[in-house]
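Numbering (the numbering used here) for the sequence shown: 400 to 520.
It should be emphasised that the hints constitute simulated quantities derived from the structure, not laboratory data.
Among the clues, some could well be false.
Calculated pairs, EDC-like style, for lysine to aspartate or glutamate (alpha carbon to alpha carbon, straight line, at most 20 Å) [unchecked claim]:
#, residue 1, residue 2
1, Lys-442, Asp-454
2, Lys-431, Asp-443
3, Lys-431, Glu-413
4, Lys-485, Glu-469
5, Lys-431, Asp-447
6, Lys-424, Glu-413
7, Lys-431, Glu-420
8, Lys-424, Asp-407
9, Lys-433, Glu-445
10, Lys-424, Asp-443
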Amino acid sequence: EADLLKKDVLEVEENIKRATEVANKLGATLIKEKRDLISNYKKDLEMDGMYARVDLGILSDITEMHQTTEQRQEKWLTFEPNLRSKSVIWTTLSLKAGSPVPTPIPSPIEQKTSYWIPCTT
Numbered sequence: 400e401a402d403l404l405k406k407d408v409l410e411v412e413e414n415i416k417r418a419t420e421v422a423n424k425l426g427a428t429l430i431k432e433k434r435d436l437i438s439n440y441k442k443d444l445e446m447d448g449m450y451a452r453v454d455l456g457i458l459s460d461i462t463e464m465h466q467t468t469e470q471r472q473e474k475w476l477t478f479e480p481n482l483r484s485k486s487v488i489w490t491t492l493s494l495k496a497g498s499p500v501p502t503p504i505p506s507p508i509e510q511k512t513s514y515w516i517p518c519t520t
């Protein structure tokens with residue numbers, strides 16, 4: 400019976416040794432998988448940060464272009480009436496210059512309130 404007990408103890412010790420090896424191997428595998436997963440998450444977060452910085456730069460450029468467009472629109476709104484009035488003057492001048500009938504000289508009041516250009520011919 401002592402031999403049988405000794406054999407059982409050796410068998411249990413061998414099973415414990417194998418179980419320890421399997422547990423250590425499994426533990427090492429799980430630790431490696433978790434480290435790899437964490438490393439991948441870290442790389443993903445770094446890439447997300449890089450994309451966020453690029454997106455922020457693009458958004459900044461869009462905002463700047465929008466502001467430039469607004470400034471140009473404001474300039475156009477101040478420039479357009481002046482351009483239209485000059486266009487009217489040039490149209491009137493060209494019609495008067497090309498007219499076979501002499502243009503009457505407007506009264507002094509009309510000269511002050513309209514765009515009258517005297518003709519020297």
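Structure-based check of all given hints:
For a cut-off of 20 Å, the pair hint linking Lys-442 to Asp-454 stands: about 18 Å separates their Cα positions. Our distance criterion of 20 Å between C-alpha atoms is met by Lys-431 and Asp-443, whose separation comes to about 18 Å. Among the hinted pairs, Lys-431 with Glu-413 is inconsistent with the structure: their alpha-carbon atoms are about 27 Å apart, more than 20 Å. With a C-alpha separation of about 24 Å, the suggested pair Lys-485 and Glu-469 falls outside the 20 Å cut-off, and the hint is violated.
With a CA separation close to 24 Å, the supplied pair Lys-431 and Asp-447 exceeds the 20 Å bound. Between Lys-424 and Glu-413 the CA atoms are separated by roughly 16 Å; this keeps the pair inside 20 Å, and the hint holds. Restraint check: the Cα-Cα separation between Lys-431 and Glu-420 comes to about 16 Å, which is no more than 20 Å; the hinted pair holds. Under the criterion of a C-alpha separation no larger than 20 Å, the hint pairing Lys-424 with Asp-407 is inconsistent with the structure, at around 25 Å.
Using a Cα cut-off of 20 Å, the hinted pair Lys-433 and Glu-445 holds, with the two alpha carbons roughly 18 Å apart. A hinted pair counts as satisfied when its Cα atoms are at most 20 Å apart, and Lys-424 with Asp-443 does not qualify at roughly 28 Å.
Against the hints set out earlier in the document, violations occur for numbers 3, 4, 5, 8, 10.
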